[in-house]
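Trainee: The chain contents come next:
2 protein chains.
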Amino acid sequence: MQRYFVSEENLLSDKIVIKGEDVHHIVKVMRMNEGDKIICNVLDGRAAVCQIQSVSDASVVTTVLTWETNYTQLPINVTIAQGLPKGDKLELVLQKGTELGAHEFLPFQAQRSIVKWDSKKMKKKMERYRKIVKEASEQSHRNNVPSILSVASFTELLTYSSKFNHKIVAFEEEARSPHYRKLSEAINQMKPNESILACVGPEGGFSDEEIQSLKKHGFHTVRLGPRILRTETAPLYLLACISYHFEELR
Amino acid sequence: MQRYFVSEENLLSDKIVIKGEDVHHIVKVMRMNEGDKIICNVLDGRAAVCQIQSVSDASVVTTVLTWETNYTQLPINVTIAQGLPKGDKLELVLQKGTELGAHEFLPFQAQRSIVKWDSKKMKKKMERYRKIVKEASEQSHRNNVPSILSVASFTELLTYSSKFNHKIVAFEEEARSPHYRKLSEAINQMKPNESILACVGPEGGFSDEEIQSLKKHGFHTVRLGPRILRTETAPLYLLACISYHFEELR
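Protein chains in written order, with my numbering: chain A, 7 to 256; chain B, 7 to 256.
Note that these hints are calculated values from the structure, not bench results. One thing to keep in mind: the hints can contain errors.
Any copy, or any two copies together, can satisfy a pair, since identical chains are not distinguished.
Here are the simulated SDA-like cross-link-like pairs (lysine to any residue), alpha carbons at most 20 Å apart as the crow flies [to be verified]:
1) K188 x Q79
2) K140 x R236
3) K95 x I138
4) K131 x G93
5) K95 x V121
6) K188 x T78
7) K221 x S201
8) K140 x M36
9) K140 x P232
Turn these sequences into a full structure, and let the hints steer you where they fit.
Mentor: Here you go:
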């Protein structure tokens with residue numbers, strides 16, 4: 007069944023009114039009519055099976071039939087801080103990171119990031135990225151849509167990190183050292199509803215100064231298995247392991 | 007340090023001779039010379055730090071300095087059977103599946119696969135796919151290169167499955183059923199050095215007949231977390247969880 011995200015103001019007791027782009031999708035793309043059913047996700051996480059009452063160019067009015075009880079949300083809030091990578095790798099992380107349950111994305115300008123973003127470029131990309139994340143949320147049957155923060159400087163990332171319960175950074179050198187910190191040790195300390203900031207470097211990795219700064223700000227270095235992962239694979243490995251721990255092991 | 011895969015016939019007691027494409031990479035791309043060090047992976051899994059003795063257009067002769075003792079191989083053999091997906095998704099699975107430790111890839115023609123392959127097309131694609139997997143093995147510091155089998159029919163997949171210790175199929179319906187089989191239950195039964203065949207459907211998923219056939223042939227259906235994953239994300243989630251279980255939890 008098709009799934010749409012609607013903001014709370016469109017929820018009126020037992021009716022949900024859909025406006026904007028999704029109206030076009032429902033009417034012109036899916037060619038739905040009165041009587042057809044869809045799932046509406048209200049942005050605070052609740053979802054309901056709804057039946058279309060009426061359709062116009064501007065809106066689709068639906069009645070709530072039943073509220074869903076499926077819980078598809080990762081029970082811990084993971085923010086992926088991604089050192090800006092090249093090409094369309096960030097889009098891949100946003101799409102698949104959303105499928106895998108990420109709560110929030112924080113792209114940041116790492117020392118070794120090859121791409122540099124100006125604010126004009128950022129605005130256009132952000133629209134595209136929000137669309138990617140919304141579609142991935144719908145397709146993966148999430149109850150909520152992860153947020154994407156504006157590209158931060160490394161200093162802003164460090165400042166932002168102070169509000170998190172847990173902070174980890176994927177550091178490949180950890181994989182080569184015989185006394186590496188196991189990822190499972192880090193994950194075993196996390197509890198449901200806590201917040202995790204997981205930091206991944208760009209293609210060139212982190213500089214020594216960046217690693218020292220992160221450690222000074224309470225980040226724990228972890229390896230992600232014994233193999234070296236690409237910048238865009240690392241967050242997916244991390245999210246999958248956190249999902250496995252919280253959603254498949256318990 | 008740059009890593010190259012060489013076949014066993016290039017290993018001569020304490021010398022390793024590199025021929026073919028890698029010579030161009032060493033000499034023209036990396037601009038290496040006598041005295042420079044590289045890592046040579048012999049195809050049976052051993053790797054050595056080597057020093058370049060001499061360089062020519064046709065070969066690079068190196069001396070073995072030390073054999074590596076790092077073990078980067080996933081201690082259980084996972085074959086990813088991927089229902090042929092659209093576009094370049096298979097390439098993504100091959101590349102990242104290799105980083106994540108897969109032993110072997112078996113693309114197969116699923117009932118709902120939109121793409122159909124003829125043998126001429128297959129030959130050209132296979133060359134490209136082998137290159138992708140070799141490069142991903144080098145970049146991720148694997149000691150061996152996963153194999154890619156020719157595209158199989160569904161019947162051939164079922165026949166091939168008889169040689170595996172464990173057979174699982176990612177089935178999203180399992181995610182919606184209240185009595186779902188946990189992935190951890192399946193993984194907990196696996197032991198090091200055993201073989202796993204993990205089957206993933208194409209974009210349209212599996213047909214009911216395919217699921218019935220797979221179950222009849224001893225496949226267990228599993229869900230991969232509570233969210234629905236895309237065809238190309240599913241094998242990555244699976245490999246990450248298996249890696250987490252065998253390489254990070256123990």
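Trainee: As a check of your reading, is K131 near G93 (CA-CA no more than 20 Å) within one copy, between copies, both or neither?
Mentor: within (12 Å within a copy, 23 Å between copies)
Trainee: Between K140 and M36, at a C-alpha cutoff of 20 Å, which is it: within one copy, between copies, both, or neither?
Mentor: within (18 Å within a copy, 42 Å between copies)
Trainee: Tell me, please, which holds for K221 and S201 at an alpha-carbon limit of 20 Å: within, between, both or neither?
Mentor: within (18 Å within a copy, 40 Å between copies)
Trainee: Between the shortest in-copy and the shortest cross-copy C-alpha distance, which are at most 20 Å for K140 and R236: within, between, both, or neither?
Mentor: between (25 Å within a copy, 15 Å between copies)
Trainee: Between copies, within a copy, both or neither: which fits K140 and P232 at Cα up to 20 Å?
Mentor: The answer is between: 18 Å across copies meets 20 Å, while 33 Å in one copy does not.
Trainee: With identical chains treated as interchangeable, where does the CA-CA distance between K95 and I138 reach 20 Å or less: within a copy, between copies, both, or neither?
Mentor: Close inside one copy (13 Å) and across copies (17 Å); limit 20 Å.
Trainee: Go through the copies and call it for K95 and V121: within, between, both or neither, with a Cα cutoff of 20 Å.
Mentor: The answer is within: 12 Å in one copy meets 20 Å, while 25 Å across copies does not.
Trainee: Please work out whether the CA atoms of K188 and Q79 approach to 20 Å or closer within one copy, between two copies, in both situations, or in neither?
Mentor: Close across copies (17 Å), not inside one copy (25 Å); limit 20 Å.
Trainee: My question is about K188 and T78: at a cut-off of 20 Å on alpha-carbon distance, are they close within one copy, between copies, both, or neither?
Mentor: Between copies only: 15 Å across, 27 Å inside.
No hint from the list above goes unmet by this structure.
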